[in-house]
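Listed here are the chains, written in short residue letters.
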Amino acid sequence: MSDYFSLMFTVVLLSLVVNIGIALYGIFIKPSLVKKFIALTIFSDSINSFAIALGFRRVTGSYPGVAVLSDVPRGVEELRHFSTASVDPLPQALVLTAIVIGLAVYMFLTGLIMLYYRHYGTTRVDAARGGSRE
Amino acid sequence: MEPVAILLATAAALLSVIATYLAIEAKDLLVATVFSAVQSTAYALMYYILMAPDIVLVYVPVSVGLLPAVTILLIKKTERYER
Amino acid sequence: MKARELLIAISIALMVLLLAYVIELGGLGPLAPYALRDIARAYLEYVYNPWNVTASSMALEAVTAIVWDYRGLDTYFETSVLFVAIVGVATLYRGYRELRGLGGVGLSEIVKTSTRVLIPLILVAGASIAIHGHLTPGGGFQGGSFMAVLMVLLVVVFSLDYAFEKGLTSSRLLAIRSAGLVGILLTSVALLIAGVVAGAGAYVFQNMAREGSDLSMPSWFLDRPLGGTLFLFNVFESLAVVSGLTLTFIVLALRKEEVDQALATGEWCE
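Chains as they are written, first to last, in the working numbering: chain X, 7 to 140; chain R, 366 to 448; chain F, 305 to 574.
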């Protein structure tokens, strides 16, 4: 059982790494700025998912719970029990703000790409260098 | 419960890899946007299984709702096909 | 240029393989461990701890408590980054005019009717996520993005003309955005001001009573915990996020007639 879980969890992490690789390939190779933009969003989402996966943990005997108290605790023992059965909330808190800030920055990028298209009439990145590279 | 949950998370992660590949390779940028949204949906399912409901609540409106909307707006104002 | 692309592809594949190898070897430590990190245990055990108020934030939700109490200054500056990005978009298109009557009709009647049904549902869901942020999963960022989806739906389905007629003008949205930021600022120094007036010790971003300061925000409302500043921060942040994202989307969606003159006469665009 334990081996099965670790194997599957490793597969999740490796898929995230592969996603990072594919998205980086798109950012570097694709000439279209819109495609670069889409690849950039996938890249940052994968990095964020990696942080979430690092905050996950296992609990003996059951599945871990969310980092939210379901009711007002009545004693210190209840809190102790809560902390032994909950996942790490810190990466979630860091990723939470990063996603919303990322959206605002992407919107700024969108405005820049629109202005680029107005100026050059294309979204190919090599237009700014005065023509196609090929 | 644990084996089923981690199996679902693995399936979501593998689906996201396929969606990412198709999104990067698609010549039609609208199709690429849709595949990017599919990848975001798979990530949202994965966050849910990894016990991060806060992230699901912020990730679903942002990456499945607003970001494709902004990207489609961008495609509408520029060009649809990658050349 | 084929060789260059091949080189990039090979280096990325190498990077993926090496990262996978590091993870497989356990270079990032045991992944999905049984043990909890010490700092996480501290956060979880003190998030609602009436027996040790000086280290507690008296809210039931650990993530919101970390975002707005334990690491409040961090989040305050992140909110400033959000504000600067939104001001940046408005500055890119500075000088645009909001014209009415350009003939935007929106989508068909079927879509409009179903959207009218959806509007109150999304609004209530977003508001409840924001207001209950200290009790259940959620908070200002989540509720704000929920409501921003609603605003984007309004603009797309009913057209920009309709949005301007209903008062979704960019100056008003920017005013709401700034009011949200000022609210966050005032909430963060509220206890400091109270301390200066009363002649007692207090800190910036203080929530509950801390060492050296007996001042405290209310921790209980009727029959539920309130979390002090967390509630106010969530409400103001949701206002700031919804108006900021809507403003950005409206500026990006402006029609050609509205931005042409502004972009043509800009001093940087010859």
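Note that these hints are calculated values from the structure, not bench results. Note that CB positions come from ideal geometry on N, CA and C, so glycine has one too. Don't take each hint at face value.
Straight line, CA to CA, 20 Å or less: simulated EDC-like cross-link-like pairs of lysine to aspartate or glutamate [said to hold, decoys possible]:
1. Lys560/F to Glu413/F
2. Lys306/F to Glu444/R
3. Lys42/X to Glu444/R
If you anchor each label on the Cβ, the simulated ranges turn out as follows [what the hints assert, rightly or not]:
4. Phe525/F to Asp9/X: 45 to 53 Å
5. Leu377/F to Tyr126/X: 39 to 47 Å
6. Val388/F to Arg124/X: 45 to 53 Å
7. Val415/F to Lys392/R: 26 to 34 Å
8. Leu411/F to Ala134/X: 48 to 56 Å
9. Met319/F to Asp9/X: 55 to 63 Å
10. Arg124/X to Leu411/F: 35 to 43 Å
11. Met366/R to Asp342/F: 53 to 61 Å
Given the hint that Lys560/F pairs with Glu413/F, test it: the Cα-Cα distance must not exceed 20 Å.
violated, 26 Å
Cβ distance range 48 to 56 Å for Leu411/F and Ala134/X, holds or violated:
violated, 36 Å
CB of Met366/R to CB of Asp342/F, is that within 53 to 61 Å?
Since the Cβ atoms of Met366/R and Asp342/F sit about 28 Å apart, the hinted range of 53 to 61 Å is violated.
Pairwise beta carbon distance, Leu377/F to Tyr126/X, judged against the given window 39 to 47 Å:
holds, 42 Å
Look at the Cβ atoms of Met319/F and Asp9/X and judge whether their distance stays inside 55 to 63 Å.
With Cβ atoms ~28 Å apart, the hint is violated.
Could one say that the CB atoms of Phe525/F and Asp9/X fall in the range 45 to 53 Å?
holds, 49 Å
Would the hint linking Lys42/X and Glu444/R be met if the CA-CA limit is 20 Å?
holds, 14 Å
Supplied distance hint 45 to 53 Å, evaluated on CB atoms of Val388/F and Arg124/X
violated, 23 Å
Look at the Cβ atoms of Val415/F and Lys392/R and judge whether their distance stays inside 26 to 34 Å.
The hinted range 26 to 34 Å holds for Val415/F and Lys392/R, with Cβ atoms some 29 Å apart.
Does the Cβ-Cβ separation between Arg124/X and Leu411/F fall within 35 to 43 Å?
With Cβ atoms ~26 Å apart, the hint is violated.
Checking one constraint from the list: CA of Lys306/F to CA of Glu444/R, max 20 Å. Satisfied?
violated, 25 Å
Consistency with the previously given hints fails for numbers 1, 2, 6, 8, 9, 10, 11, ordered from lowest to highest.
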